[in-house]
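Colleague: From just these sequences and the hints, can you work out the full model?
In order, the protein sequence lines correspond to chains A and B.
With our numbering, the residue at position 2 of the first sequence is 2, and numbering never jumps.
Add 1000 to the 1-based position in the second sequence for our numbering, that's all there is to it.
Mixed in with the good hints there might be a few duds.
Example chain B residues on the side facing chain A (calculated, C-beta under 8 angstroms, incomplete) [said to hold, decoys possible]: (1) D1031; (2) K1042; (3) F1046; (4) F1089; (5) N1093.
Since the hints were made in silico from the structure, they are not lab data.
C-beta atoms are modelled at their ideal positions from N, C-alpha and C, and glycine is treated no differently.
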Amino acid sequence: EADIYQTPRYLVIGTGKKITLECSQTMGHDKMYWYQQDPGMELHLIHYSYGVNSTEKGDLSSESTVSRIRTEHFPLTLESARPSHTSQYLCASSETGVVTEAFFGQGTRLTVV
Amino acid sequence: GESVGLHLPTLSVQEGDNSIINCAYSNSASDYFIWYKQESGKGPQFIIDIRSNMDKRQGQRVTVLLNKTVKHLSLQIAATQPGDSAVYFCAENMKDSSYKLIFGSGTRLLVRP
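Modeller: Okay, structure coming up:
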């Protein structure tokens, strides 16, 4: 079983609130990812990181921001949540290199009311 | 929130039959591909991978076929079981400045008892 953890699993929050979704991995992986997935839909890459102090935007535009101050930690922040942010957010990590699978957390299901 | 992307197609098979799930990838420069299985309420889990210098790879009850000419990937599941019911995604390790894992459209597999 992969050692990557996301908290919280479920979050219901009011419009305008600031929230941070946590993601931690204990595998020492340099690469980490955030994906957004609506129920029954595709996964879309919104942020990724190659290592400490490295972050890039993914293919799907997102109003969220990320930081990578420590190898094991890759939090995602929404400064002002809106109903359009309601979705599932999946964090993943992998080793550096071409032939490396990504390990996923259980996801955070966010509902903004 | 507003959904982004396409609803997933569904493949329904009888228990014991073989399943074939197809995927088209986007970047001819990608050189590593992975199939993931996602069960309800969970993050994706690795099933099998293949490098671009191969056209076939077999695992336990699963086979992945790669056709680079038409940028097509398929997953074959032998003797499909009820526990195989899930959503299946292909992913490519896409090279731009480095490598990032991009998911293709998924397929929902339903196994009829």
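Colleague: Give a verdict on every hint.
Modeller: The hints, checked one at a time:
Restraint check, D1031(B) versus chain A: the minimum CB separation of about 6 angstroms is within 8 angstroms; hint holds. With its C-beta approaching chain A no nearer than about 6 angstroms, K1042(B) sits inside the 8 angstroms limit, and its interface hint holds. Interface hint at F1046(B): satisfied, since its Cβ lies 5 angstroms from the closest Cβ of chain A, which is below the 8 angstroms cut-off. Look at F1089(B): its Cβ gets to within about 7 angstroms of chain A, closer than 8 angstroms, so that hint holds up.
A least Cβ separation of about 6 angstroms between N1093(B) and chain A falls short of the 8 angstroms threshold, and the interface hint therefore holds.
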